[in-house]
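From first to last, the protein sequence lines are chains Y and W. Under our numbering, the first residue of the first sequence is numbered 1, with each subsequent residue one higher. Under our numbering, the first residue of the second sequence is numbered 1, with each subsequent residue one higher.
Derived by calculation from the structure, the hints in this document are not laboratory data. All values derive from a computational prediction rather than experimental measurement. Idealized CB from N, CA, C, for every residue including glycine. Incorrect hints may have been included.
Partial chain Y-side listing against chain W, Cβ under 8 Å, derived [to be verified]: (1) Lys58; (2) Val72; (3) Trp123; (4) Arg125; (5) Glu172.
Listed next, the in silico SDA-like pairs over lysine to any residue satisfying Cα-Cα at most 20 Å (straight line) [unchecked claim]: (6) Y:Lys128 x W:Asp204; (7) W:Lys48 x W:Asp204; (8) W:Lys110 x Y:Leu63; (9) Y:Lys354 x W:Asn327; (10) W:Lys357 x Y:Lys354; (11) W:Lys357 x Y:Val126.
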Amino acid sequence: MVEQIDLSQVNWARAQFALTAMYHWIFVPLTLGLSFLVAFFESIYVRTANEEWKRLTKFWMTLFGINFAIGVATGIILEFEFGTNWSNYSWMVGDIFGAPLAVEGIFAFFLEATFFAVMFFGWNRVSKGFHLFSTWMVAIGSNLSALWILVANGWMQFPVGMKFNPDTARFEMHNFWDILFSPVAISKFTHATSSGFLLASLFVVGVSSWYLLQERHQTMARRSIIVASVFGLLSAAYVGFTGDEAAYSVAQRQPMKLAAMEGLFDGQTNAPLVAAGLINSAKKPGDNQQPCGMEIKIPGLLSLLANREIGSFVPGINDLVFGNKEHNIMGAVERIEKGRIAVELLRTYKEARKAGNTALAETTLKDFQDFADHLGYGYLRAPAEAVPPVGITFYAFHIMVITGAIFPLVFLLFLYFQARGTLDYQRWLQVLGLFCIPLGYISSQAGWVLAEVGRQPWAIQGLLPVTVANTRLSTGAVQTTFFVFLGLFTLLMIAEISIMLKQINIGPEEN
Amino acid sequence: MIGNLDYSTLQAIWWIIASLVGSLFLFLTFVQGGQTLLFTVPRGDEEKALIINSLGRKWELTFTTLVLFGGALFAAFPKFYATSFGGAYWVWMLILFTFIIQAVSYEYRKKPNNFLGAATYESFLFINGSVGILLIGAAVGTFFTGSSFSLNEYNQVTWQTPYRGLEAARNFFNLSLGLFLVFNARALGAMYLVNNIDHKPLTDRCRQSCWKSFLWSLPFLLFVLVNLLFMPGHAVNPDTGEIFLQNGKYLRNLFGNPVTLLLLLLGLVLVIYGVVLTRFKAKNCGIWYAGIGTVLVGLAVFFLAGFNNTAFYPSTFDPQSSLTIFNASSSHYTLTAMTYVALTVPFVLAYIAYVWKQMDSRKLSMAELQNESPDEMY
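All chains should be modelled from the sequences, with the hints used to inform the complete structure.
Right, dumping it as structure tokens:
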């Protein structure tokens with residue numbers, strides 16, 4: 001299998017998946033959060049029967065609709081791309097991975113699709129109560145769809161509830177509940193959805209700030225800011241809490257990703273957290289170069305965050321590549337050796353079965369089980385391949401955290417000045433609010449870059465490298481679709497932004 | 001309870017579920033069919049807006065059903081997912097492109113500063129309704145005519161043609177099935193609009209268009225049916241799993257399974273009845289008869305392909321690589337878990353029907369279109 005790998009084709013397939021996923025993730029977090037904000041606004045309208053709140057609700061709903069459409073457009077390709085570009089993945093783990101995707105369709109997408117029509121076109125066709133119910137259903141449906149796809153992604157990061165079947169040469173589901181309630185799945189779901197709430201709050205605060213700067217629709221803008229700042233502040237706190245949980249989970253289950261996040265090559269007890277720094281891109285595992293320059297370090301913090309234990313040992317990239325006997329860590333070097341034995345034994349087993357040699361098949365299978373845990377490593381060509389791109393992972397992590405730390409302060413400031421009744425005069429804060437929209441998007445994208453690039457070279461952590469997971473396609477075919485997607489999605493995004501800006505400029509319906 | 005069912009029963013259940021979702025999708029392609037009427041049936045922008053707004057309240061159901069069809073196949077028959085999507089790369093990519101451009105078109109068509117202009121979004125809708133459905137039909141056609149691929153012992157697919165699935169559209173059977181689906185969707189679209197819109201000049205034209213589309217669909221339908229009865233098919237020996245070419249395989253399947261024969265005949269009668277009601281009896285309910293008829297015909301087609309020891313995704317290059325519902329399915333455990341999940345489907349169908357009824361209790365009229373604020377209209 002290994003000898004047939006076409007690396008450039010794999011990299012184009014990775015680039016295409018990254019491109020389409022990143023485009024999709026531009027629109028999804030706003031949908032996740034704005035759907036709830038619109039539901040809050042409409043709930044206030046239904047409670048107060050104040051037509052101003054209805055106008056406000058309809059305005060944000062219009063922006064929601066524009067964003068939702070392109071979210072749907074960019075989303076459909078992701079589901080099918082697993083088949084088109086990662087067909088071996090689809091076969092090898094489809095028994096497990098397909099289920100949450102199907103459940104997502106049944107439980108979430110129909111909820112969204114059905115009630116979306118009521119939300120937009122039902123104002124004069126259904127009762128007020130049923131309309132509000134529909135708006136809530138769209139919010140719940142959107143977030144339920146996030147649950148299932150993040151369960152699927154959580155499983156890619158930390159595969160549980162399955163076993164390898166050597167006869168079919170695939171992984172098969174063993175326990176559905178282990179997959180659904182995997183701690184990584186829960187942590188992914190809570191962190192990603194709350195980051196969506198945060199981004200949508202930033203969006204509402206930012207757009208409202210623009211109205212304040214323009215001195216237009218000020219009442220609507222202030223009302224929107226209050227609701228969005230409260231929601232944003234609560235979400236930001238939750239993002240922080242779940243982020244800590246996610247980082248702990250990474251440390252325990254994907255130590256290589258953690259080491260790359262921090263640019264940590266040599267494991268340490270009482271390891272410091274690198275709060276900021278520059279990665280030395282020439283640094284390779286095992287050499288003597290400095291991994292990082294101009295660092296700002298916080299002593300001992302990484303040990304505490306990674307293991308929740310002061311002074312504990314945090315393994316570095318070198319420990320995970322070459323092994324560390326003192327801390328009982330088996331390195332990629334040793335795992336690759338064992339993995340290659342597993343690959344060979346699997347081949348022998350399948351040949352023996354084909355030839356009807358039951359005795360040989362049985363003994364080989366027994367031997368194979370001893371090495372099965374390392375099977376995925378058998379497909380890596382060199383130990384250095386086990387290391388994700390350190391620079392991208394490091395910077396993505398730090399951009400996410402540093403920008404993320406600003407947002408709760410911004411919400412607090414908005415609430416503070418609103419409470420004092422002087423928000424209209426704080427031009428600097430309004431400018432900051434506006435500036436936070438792109439910052440929020442950068443932070444959000446960085447989070448996913450970290451999650452996915454940090455998992456490399458694996459499609460399924462430790463089990464299936466991307467070089468085995470892909471479809472046998474020509475590089476040209478994947479290049480073609482890559483550029484078609486790039487062109488099409490860029491075109492559609494320009495249209496979306498252009499429409500969105502125009503609608504914001506028009507503003508809510510006048511009384 | 002479900003866990004006690006034997007493996008082959010679960011595999012059959014999942015073929016039925018996947019067939020049902022696929023057939024419901026074929027019914028819901030009335031949205032795509034309606035999109036192809038945009039350039040011929042309406043007179044003026046207002047009538048066009050009526051059609052767009054009427055279809056615009058349903059397009060997501062069709063879209064979601066397609067996504068669920070993919071999800072169900074992934075979960076229940078992952079080897080099909082891997083083989084067909086990975087192998088017939090270009091045909092699936094093209095189908096997906098037509099759905100990507102559809103998804104933004106309703107929302108963006110009439111919005112100010114939409115960058116591409118209304119006509120572009122309308123042509124996106126037309127492409128989705130014509131090319132998209134044609135290719136889906138051609139892809140389903142390969143369930144009978146087969147594709148040229150092989151699988152190795154690790155089930156990795158190697159496609160034998162550089163066209164990667166597009167060659168399906170060169171086969172007249174596949175093409176006919178695709179064209180039949182396009183014209184059937186057009187007829188369904190016209191029937192849906194008759195049912196959903198209160199504007200006589202437009203609905204009168206829809207009735208005529210429905211009849212024309214139906215007449216256009218007939219030769220392709222007949223060609224497909226006659227071929228199905230006489231073409232050889234890939235049969236599987238249930239004891240050895242060996243796959244071999246058998247003459248009149250689908251004829252055997254049809255008469256070997258009275259349910260399939262009944263579904264096919266009843267479905268055809270219902271479709272014809274729906275069309276006749278719409279065109280000659282001035283009734284508005286034709287869509288329901290023709291819609292249910294389409295579902296039944298769809299079920300019959302999928303059952304012919306998958307049941308009675310038949311390879312539903314045959315390989316003409318290496319028959320032993322062909323996929324059957326037995327060798328392509330998920331494990332017993334996964335099929336069991338997914339069957340429990342599928343028990344919720346009637347609940348989903350019930351709330352969709354309830355909301356549909358609520359929203360469509362009053363027909364869409366020109367007056368409503370003119371009085372609504374622009375943000376409540378497409």
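Hint consistency between Lys354 (chain Y) and Asn327 (chain W) [alpha-carbon to alpha-carbon, up to 20 Å]: Given pair Lys354 (chain Y), Asn327 (chain W) holds - Cα atoms ~16 Å apart, limit 20 Å.
Agreement of Lys48 (chain W) and Asp204 (chain W) with the hint, judged by alpha carbon distance not exceeding 20 Å: holds (14 Å)
Satisfaction of hint between Leu63 (chain Y) and Lys110 (chain W), Cα-Cα up to 20 Å: holds (14 Å)
20 Å limit on alpha-carbon distance, applied to hinted pair Lys357 (chain W) and Lys354 (chain Y): violated (58 Å)
Agreement of hint Val72 (chain Y) with chain W interface, Cβ distance less than 8 Å: holds (5 Å)
Chain W contact restraint for Lys58 (chain Y) - C-beta distance below 8 Å: At 6 Å from the nearest chain W Cβ, Lys58 (chain Y) passes the 8 Å test, so the hint holds.
Restraint check, 8 Å cut-off on beta carbons, for Trp123 (chain Y) near chain W: This interface hint holds because 6 Å falls under the 8 Å limit.
Chain W contact restraint for Glu172 (chain Y) - C-beta distance below 8 Å: Hint holds; Glu172 (chain Y) Cβ to chain W Cβ min 4 Å, cut 8 Å.
Supplied contact hint for Arg125 (chain Y), tested at 8 Å Cβ to chain W: Constraint on Arg125 (chain Y) satisfied, holds at 6 Å.
Pairwise hint evaluation, Asp204 (chain W) against Lys128 (chain Y), where the allowed Cα distance is 20 Å at most: violated (35 Å)
Straight-line alpha-carbon gap Lys357 (chain W) to Val126 (chain Y), limit 20 Å: holds (11 Å)
Consistency note: the structure conflicts with the earlier hints numbered 6 and 10.
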